[in-house]
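What follows is the residue order along each chain.
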Amino acid sequence: MENLGYLLAAYTGIWAVVFGYILAMQRRQRRLERQLARLQEQLDRAGKTA
Amino acid sequence: MRNGKSAVRDSFLWGLGLLLMLAALYMVFAYVPTEKNTGIVQRIFYFHVPLAWVSFLAFFITFIFSILYLGKRAVKWDALAHASAEVGVIFTTLVLITGPIWAKPVWGIWWTWDARLTTSLVLWLIYLAYLLVRGLTAEPERGARFSAVIGIVGFIDVPIVFLTVNLWRTQHPTTIVFEGGLTAPMLATLLVCVTAFTVLYALLTWQSARLKTLEAEFRRLTMMQTEKEE
Chain F
0 MENLGYLLAA YTGIWAVVFG YILAMQRRQR RLERQLARLQ EQLDRAGKTA
Chain R
0 MRNGKSAVRD SFLWGLGLLL MLAALYMVFA YVPTEKNTGI VQRIFYFHVP LAWVSFLAFF
60 ITFIFSILYL GKRAVKWDAL AHASAEVGVI FTTLVLITGP IWAKPVWGIW WTWDARLTTS
120 LVLWLIYLAY LLVRGLTAEP ERGARFSAVI GIVGFIDVPI VFLTVNLWRT QHPTTIVFEG
180 GLTAPMLATL LVCVTAFTVL YALLTWQSAR LKTLEAEFRR LTMMQTEKEE
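Protein sequence lines, in the order shown, are assigned to chains F and R. Take the first sequence: its position 40, counted from the start at 1, is 39 in numbering that gives the first Met the number 0, and no numbers get skipped. Take the second sequence: its position 107, counted from the start at 1, is 106 in numbering that gives the first Met the number 0, and no numbers get skipped.
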């Protein structure tokens, strides 16, 4: 089991980066959904006043 | 934002990706025998090599969609090229992280400026520039055009990286996979890992491209709304 630490470090690093990227994408998606909802509100308001 | 059918398809594909990755992990840690010369740390090979191969594939896809974008100027081609480059940079980052972690116990050093390692670092920098150049331009379309040029010209480095170990004498091992240097269980494990990472790449790229297309559409609608208000 010599060098087990290196093996664990490599695999932990891989999963940390992959999950970090997936989480970042999810955050971007949530932000976009909020922005779209705000835009929809603006469009609705503009439609009512027209 | 998504209909029920595409949500079911997405869940199925992510489930398939997860199963493949679990199979890959099982084969790496439970199935394949430990390599005699370098010991347990050699198991890094089964993720390090697929990550490198799939990053080459990612940059090839960026190359193709960059050409299509420059020819047709359709947002979807830019979104796919951009998403593929993004995932390619992440995978190359992982290659540059796992490589030194594997090198230290085997070579006794973390890094050496040999041809394979240096050209791999250059490849990472080229596609990092591809991603950064978008943020440096005020107009998104201009940024997309600049990065498409980088995506096409930068691809020259991919075959160079691949051939370095055969063209020059390097610290990095030669392409043992193609020279029959692997036993049957090692080759089977490598192939399962390559498949798992190819599916992961496709899923991440598809998801990211869809998000980028929506972001572009949102920018377009916001501009239209602002113009209307003015």
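It is worth saying that the hints were derived from the structure and are not from the lab. Treat the numbers as computed from the prediction; the structure is a model and nothing was measured. Hints may be right or wrong, so weigh each one.
[What the hints assert, rightly or not] Across the chosen pairs, the derived CB separations fall in these ranges:
1) R/Ile39 to F/Arg33: 44 to 52 Å
2) F/Arg27 to R/Tyr25: 28 to 36 Å
3) R/Thr225 to F/Arg29: 41 to 49 Å
4) F/Leu38 to R/Lys103: 48 to 56 Å
5) F/Gly12 to R/Lys35: 47 to 55 Å
6) R/Lys75 to F/Val16: 22 to 30 Å
7) F/Gln25 to R/Pro32: 37 to 45 Å
8) R/Thr111 to F/Ala8: 15 to 23 Å
9) F/Leu38 to R/Ile66: 53 to 61 Å
Beta carbons are placed, not taken as given, at the ideal position from N, Cα and C, and that holds for glycine.
Verification of the hints:
1. R/Ile39 to F/Arg33: 44 to 52 Å: Hint holds: Cβ distance 47 Å, inside 44 to 52 Å.
2. F/Arg27 to R/Tyr25: 28 to 36 Å: holds (32 Å)
3. R/Thr225 to F/Arg29: 41 to 49 Å: For R/Thr225 and F/Arg29 the Cβ distance comes to about 23 Å; the hint is violated.
4. F/Leu38 to R/Lys103: 48 to 56 Å: holds (51 Å)
5. F/Gly12 to R/Lys35: 47 to 55 Å: violated (26 Å)
6. R/Lys75 to F/Val16: 22 to 30 Å: Given about 27 Å between the Cβ atoms, the range holds.
7. F/Gln25 to R/Pro32: 37 to 45 Å: holds (39 Å)
8. R/Thr111 to F/Ala8: 15 to 23 Å: Since the Cβ atoms of R/Thr111 and F/Ala8 sit about 19 Å apart, the hinted range of 15 to 23 Å holds.
9. F/Leu38 to R/Ile66: 53 to 61 Å: violated (33 Å)
Hint check: violations occur at hints 3, 5 and 9; the rest are consistent with the structure.
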